[in-house]
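Enquirer: Dock chain to chain to rebuild the complex, using the hints, since each chain is given by itself in its own frame.
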Amino acid sequence: MIEPAALLLASTLALATPLLFAALGELVHERAGVVNIGIEGLMLIGALAGMVGCHLTQSPFLGLCAACAASALAGGLFGVWVVWLDASQIVAGAALNILAVGVTGVAYRAIFGVTGAALAVPTFEPLTLGTDNADFVLLAPLRQDVLVYLALALVPLVWLVLFRTRLGLRLRAVGEAPDAAASVGIPVARMRWGAIIAGATLAGVGGAYLSLAYSNTFAEGMSSGRGFIALAIVVFGRWHPLGVLAGALLFGGATALQFDLQARSVAVSYHLMLMLPYVLTLVVLVFAGGGSGAPAALGQPRGAHDEGG
Amino acid sequence: MPRPTLLAWLATLLVLTGGCTRGEESSGFRVALLSPGPISDAGWNAAAYEGLLAIAAELDAGTSQVETRTPPEFEEAFRDYARRGFALVIGHGFEFQDAAAAVAPDFPTTVFLTTSGNTVRPNVAPIVFRLEEATFVLGDLAARMAPDGKICAVGGMEIPSVRSTFLAFEAGARYGRPDYPVTISYIGSWDDIGSARTAALALIDNGCRFVLHNADAAGPGVFQAAAQRDVYAFGSNRAQHEVNPRAVLASAVIDIPRAFVDVATQVKQGTFRSRVIERTMADGSISVVYNPLLTHVIPDEIRAAVDATEQAVRTRVITVPTAEF
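Heads up: the protein sequence lines correspond to chains F and R, in order. Read in order, the letters of the first sequence are residues 6 to 314 in this note's numbering. Read in order, the letters of the second sequence are residues 8 to 332 in this note's numbering.
Hints were generated in silico from the structure; no laboratory data involved. Take the hints with a grain of salt, since some may be wrong.
Chain R is faced by these chain F residues, among others (derived, beta-carbon under 8 Å) [said to hold, decoys possible]:
no.	residue
1	S16
2	V119
3	Y219
Just so it is clear, CB atoms sit at the ideal spot from N, CA and C, and this is done for glycine as well.
Looking at chain R on its own, in the form it has when it is part of the complex (with noise of 0.2 Å):
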């Protein structure tokens, strides 16, 4: 009898389609987003999201969202939006550049904006967000707070944009201290918090005194497992203090949403072209967040220090490290 899971089928696909998509009805100026994970996890997708209601509400833009996870599901949905004549649809993350490039030809009213990347065709670009800035300053900070420690990092997985922000984070703390330890865990997943507090636990075992995270929604696992073990985690992409206020020191910070208007402001006025963006400091799309329950931790003098430092990234002083894309 194949009635009540025929009907458990219906009532799945009206809920995901209900949870997907909306406010398309408008004919004028469209943007969608292509989030590679749930736009629920208050980091990464979180904040690519709120970069779409930022388009929506100060360009007067029809939008829409959906998460798709492999090659073919981004190709698909590139196409898909591009047919239905959206002006810009945004890939959220390095993974969508060879999906955008090969949609791109079909479609030259459209232009393809993937967040990291480097590949440049006349509609497709890459915002290139250097995070790494304001890990650098983390990694001094840490080595600072830690001279005879070790720190240590944990990823979801070894893609450019995450190497990046861990080369950075092992420059600063090597920053005037050469040979400082930095170790480095990969999980292989970006929503496992189980295999990202036991990665935490084990490196802050070995000796870590700070770990910084890349792992989007398995981050509160690194989180819980400093918190248990009463040393410091950093947050990436959004300030994530308040997802553990007695564990995360600091974050380092992305406006998604700012550098997501500029664009979409652009492609509106048809004055874009495409290159690769690159988001800095010095713009003020990226920066370091402390968790204001903690700053009492952090000494006057070292405070001084790391400012000093993230004053000579900013002015492009200090050249920090960057993984090859």
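For reference, chain F alone in the conformation it holds in the complex (with noise of 0.2 Å):
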């Protein structure tokens, strides 16, 4: 009983991972009074960023850089429309998922060839912890690639920085009222500028995990979906570092368990089985109950027109 919960808590934690970078990006974004549904794109880019990377340095940490650099050059052309230009932000996130669904396919083909390559670039490979006894299960749930361990350990650092700093402060005063934090002096711009940059760079790294982690190479419309799911995430997790860990773990958990569910022949059709996440994920959001908490001033367009300089 003990083995099978410890391989599932491993399957758990490799799941919740890239939807805990994502999510925690979008996180940051939506503290900043900023909703950007674009995630699902900057992942796309950060896994093509991230191989194509891996591929040319040989190392998986440099690709993992190059994601934050694609993923973060994406969320600043985000942050001239809706931050510069003023646009509304529901539809530049859409353009910009489009954008990178179209961007990503031409790039791959345009430098691996039309059909796709047959590429395997090296990976971020699970820690060993010092044994290379696999057949200890009982530390499976301890024995992931790095990734696993950052992106937990993020969760407390956002948090940190959200509620225990003076600029955590100063980024939840611009999401909840941007003129009142704008009379006292606090860059609102600079501030939104900020927030974009460092969470698509997450969620950049949350695709680099697809290309890096799960597998070793790039496939197109490869997040399927998961950008969407960390919005819901968020929401979920009421825009908590804690919430957004909780929701992470519940959806990866729900995934993994369907998965493990099949894998043992359990006679119930595999559609119903590949609902479950999303089914338990609504039933604790309406039971969930409470306020929402969501930054008064999410959504609303504000440049730096008004802040007269």
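Expert: Below, the structure written as structure tokens:
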């Protein structure tokens, strides 16, 4: 009973990791009052840039750096639209998603050939924890690659920055009441720029996890809706890092569980199994109750122009 | 201020259309391909695109390709190409046959070909690739190498062409070994590598020693899981050992380009007649391709026995089961 649970926990952590990166990225955006529904596109860009970077340097760490740079750049484009030009955040996010599908597809085909390449780049490998004995199953949840640990470490770090630093207080003020924040001298536009770049980078790391840990290659559309799940997880987690962690673990856990049940040949239609994570998330959302806790100025366009310099 | 987003939409449109159509200026014999996924998947869709390129090269045909994901898109694309006078339009998958049958009566001079399916009309025909002949052989190989173990398969969605390959994989494992355990999981997607990896890990952790995939672009996730747990995986549709040289022991391979060129030649010459076109191991369209870097892990006597099974399948001494289409 304990061994299957250990393996299930290991799968849960691996499934939650890209969701956690992406959802923390969105959380940072939204706490500054910016809705970015382009997280899916940013993940796709991170996945491709990570793979290309790793292919060129043969180092997954440098691939990860490439993913950060590329997604930060794409985040910068989003920032130009919503901060400088005051465009609708929803339209800009949707455009970012569509742009990312097109750009990653064309770039991948341009670099590696139209029919795709049999690429095998080096990947982030699970830590051995000083013992190579894979039979010791109870250690399975700990036998993860370094990015899983990084994602988990980011949860308290994001909490600390948001709720225990001056920077975090100012960021949240911008998300709750930008006009009031501006009146006391907080540079609203600059805060939002920072949140967008930091959040986009996190989403890109989540994307790179798909191409550098889940697999050793890139596939068009490989983000498979994870960016949209991340949006839901932020709402589910009530805009709090711990809530986001709970949401990512719940979704990852339900996904891991249904694959485990399928692997045990449980006689239930696989369609129902695949629904499990979505149904469970909805049910918890319905029964968790309570106020929403969304930042008050979320999604409201407000650019540099009314700061008065 | 909507201008920047409008620009982005235009840029995207430009990029997308630029990536989709090319080389259809020739006014003569023209062939179009509707792929259900990206042609860069190094698998099912990539092989179809290679078939289209082969048609262009060998038959001097104008060609066009478009990615279509939903039934309304299938029908629209079929109609669009037929209206523009394409002689042959290929819908690459089982899921295209309803759309082909719906559009075909309006365009009697265009041939609608679907890869897999059972719908035959005067100008609609399916090519059925008996890929299950190869997965039967892989099932036999896996069960011989793991006589006390379990084997498994990960599928994208449960469509007849996928179910057939898994049924035959199971039958191959049980060839002379009744009750040999085979487990199958589906991930509900053709591109979700993360789900494919998790499904394969769960199967391997429940005792599976060999994993076959039939999930198109999600397949590399299965290979990654196999590599991390030190078991072997089987590729499908194309020889996929280069995707993961240390995990992919062999692949069940379809020669899609050859079959496409054959049909296109008949259409061009006017000798094409509508029917279910079967492509099998016997005509060389289906084969098992081994990873040259891993042949040493298969003991000689097992390889000899599996080669004998393959010969028996090719000559129809063994009847390979197939799913209802």
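Enquirer: Using Cβ atoms only, decide whether Y219(F) comes closer than 8 Å to chain R, and label the hint accordingly.
Expert: holds (4 Å)
Enquirer: Hold the hint about S16(F) up to the distance rule: shortest CB distance to chain R must be less than 8 Å.
Expert: Because about 6 Å separates S16(F) from the closest Cβ in chain R, which is inside the 8 Å limit, the hint holds.
Enquirer: Does the closest beta carbon of chain R sit nearer than 8 Å to the beta carbon of V119(F)?
Expert: holds (6 Å)
Of the hints listed earlier, there is not a single one the structure fails to meet.
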